[in-house]
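**Student:** Sequence:
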Amino acid sequence: MNAKDINIKNRRATFDYEIVETFTAGIVLTGTEIKSIRTGHASLVDTFCYVTAQKEVWVKNMNIATYFYGSYNNHETRRDRKLLLNKKEIARLAKSHDTGFTIVPLRLFINERGLAKLVIGIARGKKEYDKRQAIKEREDKRNLARLMQK
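Mapping of the sequence shown onto numbering that gives the first Met the number 0: position 99 corresponds to residue 98, and the numbering continues sequentially without gaps.
Hints in this document: simulated from the structure, not taken from any laboratory. Computed from a predicted model, the values in this text were never measured in an experiment. Where is the CB? At the ideal position from N, CA and C, for every residue including glycine. Each statement offered as a hint is correct.
The calculated lysine-lysine pairs, modelled on DSSO-like cross-linking and capped at a C-alpha distance of 30 Å, are:
| hint | residue 1 | residue 2 |
| --- | --- | --- |
| 1 | K116 | K130 |
| 2 | K116 | K59 |
| 3 | K8 | K34 |
| 4 | K59 | K34 |
| 5 | K8 | K130 |
Taking CB as the label site, the calculated pair distances span:
| hint | residue 1 | residue 2 | range |
| --- | --- | --- | --- |
| 6 | R78 | R145 | 43 to 53 Å |
| 7 | Q148 | N72 | 47 to 57 Å |
| 8 | Y71 | T98 | 42 to 52 Å |
| 9 | N142 | R91 | 35 to 45 Å |
| 10 | L143 | T98 | 32 to 42 Å |
| 11 | K8 | R91 | 15 to 25 Å |
| 12 | K87 | R112 | 16 to 26 Å |
| 13 | F67 | A93 | 31 to 41 Å |
Work out the full structure, taking the sequences as your base and the hints as a guide.
**Tutor:** Have a look at this one:
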């Protein structure tokens, strides 16, 4: 698997949340963490972000599997990792975080320079009827695609 092909998505996020705004952030990683991501061994399930009082953004509960060839230098699989954003973006995230929104990671990828990036979104939770509507739209789209193939 090529490192540029890495595109790990949080599919549950778009089902549970309505995404209002997105940002692309860098991640502070150790050596074995980036190697593990480049092999595709990461997960964004049950992951969320928060802003600290020191105006830093952290991602919590992101699972990066231990690197197979890493020795005693291997990393913890579920540790908090710092996100790299500029001051304006952090201020926007902090303001929205106070008003009932949540910050959800949407996608983890490797950019053209070989750096790991995380797309995060300011999100509002969907109600149960919104989720049913999303399921109905997805099924309608699937049925239409089946009819077009025949």
